[in-house]
Amino acid sequence: MVASAKPAGSLRRRSHPLAEPAAQRAALDGVGLPQTFAEVVAQSSEGPLSAGTVEVLQINVGKYCNQTCRHCHVDAGPDRTEIMSDAVVDACLAVIEREEIGTVDITGGAPELHPRFREIVEAASAGGGHVIDRANLTAFLMPEQRDLPAFLAERGVEIVASLPYYLAGQTDAQRGVGVFDRSLEALGRLNALGYGVVGSGLELNLIANPVGAFLPPSQASMEADWRRELDRRYGVQFNHLYALTNLPVGRYIEYLQDSGNLEDYVHMLAQAFNPATLPALMCRNTISVGWDGALYDCDFNQMLQIDLLAEADSRTGEATPPPRIFDLELERLWGRRIAVGPHCFGCTAGAGASCGGSLA
Amino acid sequence: MADGYYDPEGLKQFSQIGEEAPELWAKFSEWYTAVFEEGALTKREKALIGLAVAHAERCPYCIEAYSRSCLESGSNAEQMTEAVHCAAAISGGATLVHGVQMRQHVHRLSM
Numbered sequence: 449m450v451a452s453a454k455p456a457g458s459l460r461r462r463s464h465p466l467a468e469p470a471a472q473r474a475a476l477d478g479v480g481l482p483q484t485f486a487e488v489v490a491q492s493s494e495g496p497l498s499a500g501t502v503e504v505l506q507i508n509v510g511k512y513c514n515q516t517c518r519h520c521h522v523d524a525g526p527d528r529t530e531i532m533s534d535a536v537v538d539a540c541l542a543v544i545e546r547e548e549i550g551t552v553d554i555t556g557g558a559p560e561l562h563p564r565f566r567e568i569v570e571a572a573s574a575g576g577g578h579v580i581d582r583a584n585l586t587a588f589l590m591p592e593q594r595d596l597p598a599f600l601a602e603r604g605v606e607i608v609a610s611l612p613y614y615l616a617g618q619t620d621a622q623r624g625v626g627v628f629d630r631s632l633e634a635l636g637r638l639n640a641l642g643y644g645v646v647g648s649g650l651e652l653n654l655i656a657n658p659v660g661a662f663l664p665p666s667q668a669s670m671e672a673d674w675r676r677e678l679d680r681r682y683g684v685q686f687n688h689l690y691a692l693t694n695l696p697v698g699r700y701i702e703y704l705q706d707s708g709n710l711e712d713y714v715h716m717l718a719q720a721f722n723p724a725t726l727p728a729l730m731c732r733n734t735i736s737v738g739w740d741g742a743l744y745d746c747d748f749n750q751m752l753q754i755d756l757l758a759e760a761d762s763r764t765g766e767a768t769p770p771p772r773i774f775d776l777e778l779e780r781l782w783g784r785r786i787a788v789g790p791h792c793f794g795c796t797a798g799a800g801a802s803c804g805g806s807l808a
Numbered sequence: 005m006a007d008g009y010y011d012p013e014g015l016k017q018f019s020q021i022g023e024e025a026p027e028l029w030a031k032f033s034e035w036y037t038a039v040f041e042e043g044a045l046t047k048r049e050k051a052l053i054g055l056a057v058a059h060a061e062r063c064p065y066c067i068e069a070y071s072r073s074c075l076e077s078g079s080n081a082e083q084m085t086e087a088v089h090c091a092a093a094i095s096g097g098a099t100l101v102h103g104v105q106m107r108q109h110v111h112r113l114s115m
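Same order as they appear, the protein sequences are chains A and B. Numbers 449 to 808, taken from our numbering, label the letters of the first sequence in order. Numbers 5 to 115, taken from our numbering, label the letters of the second sequence in order.
Check before you lean on any hint, since a few could be wrong.
[Claimed, not checked] Under the rule of at most 25 Å between Cα atoms (straight-line distance), these lysine to any residue pairs were calculated in the SDA-like manner:
#1 B:K50 - A:P727
#2 B:K47 - A:L615
#3 B:K50 - A:L678
Everything labelled a hint here was simulated from the structure, so no lab data went into it. From a predicted model like this one, the values you see are computed outputs, not experimental measurements.
Produce the entire structure from the sequences given, and follow the hints as far as they go.
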């Protein structure tokens, strides 16, 4: 039940004005919320939003993807050519080797399709850290990737896979015709390797975000529904389901605009602000690396090109340019103030949302 | 004042009903919230009941609110449509069962 026509291809390919991050930021600012996110946070906590220590290095290897999902905040797709260069990959590997990082979280696009994806996984898992592959599932079926699930299993990589609904209609409406059936095929292969099977130690977690302009159900009730229905209908197993709110970024803004839902949706997110989500927001322990080596507070800030906040040099008082992956010293980012905008209400609405699901 | 009887903005103004009778509004709000909390019935079951009743009451505000509420509690359009059919069936049955009264009147008045 989809009200608006389905556009084909990325915003960039269609030369859509929203392809520009500045246009996305302007669309969000144009909603006219009564209070900014920073003001709301200031009223409900002791100070501005700030990070703790950096425990997660989230590497976005680029915008190339074999799918063109309607809600994609990255505006990824087969036509996108922006992928991480060798120099940036090398810098990421150097950081992984040099710094103590608890988790390396690899995303995209379809991260598996980056030519050096396996090398990043290898380096990150060799260091003993936890490694996450944010998978769209269908990439595993591509001929050159058929051995990839076994490669990931051997290294104990956690797979976090997108599956917005346990039925084809809703899933395909968001992710493309035929994606549901191919996702099930991939899930079956992962299960056969032990992924998602209790006792195997191989974590297969699902991400589900609403197929439309509404908040997700409670994570616990969704997980129970998905577990029952995926098992009953298709014999598919998984470990956990993470309920994610759609953030108004990228092609999801286009969907909201086209369907006449943008203002109501952003207002709804703001009205659903829950201060209990603040302590666990992902930006507080994560640093996000873009395909070009720039650093951001999160993947959404990356897509909106909201830079790390400039800090004053302790000696000269002058603002220093934000660090890039080439000169990254994680300790320098501890305790930093986080750059925020209207889209941040998406992570604090209701039970909250993060790459690891609900927060409160 | 709105131009018509049903202004789409009306739902957002619902709480203004409390301005002239705040204590009654507070009691209603507390009771209403408690009714739809998870209990012997799940939130989703209650939202589907709310959707069905909204249709039986023919309340456009309630239909909007409970369509969203059903989606946000995990129901899909197929399940919601079945809930509306439940409302329609009860409404139709309620009309039809009054035919018994009609028949009693007919028998009383007829030779």
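Subject >> Straight-line alpha-carbon gap B:K50 to A:L678, limit 25 Å >> reply: holds (24 Å)
Original post:
Between B:K50 and A:P727, is the straight-line Cα distance small enough, at 25 Å or below?
Top reply: violated (32 Å)
Subject >> Restraint check for B:K47 with A:L615, where alpha carbons must lie at most 25 Å apart >> reply: holds (21 Å)
Hint compliance for this structure: hint 1 is the single one not met.
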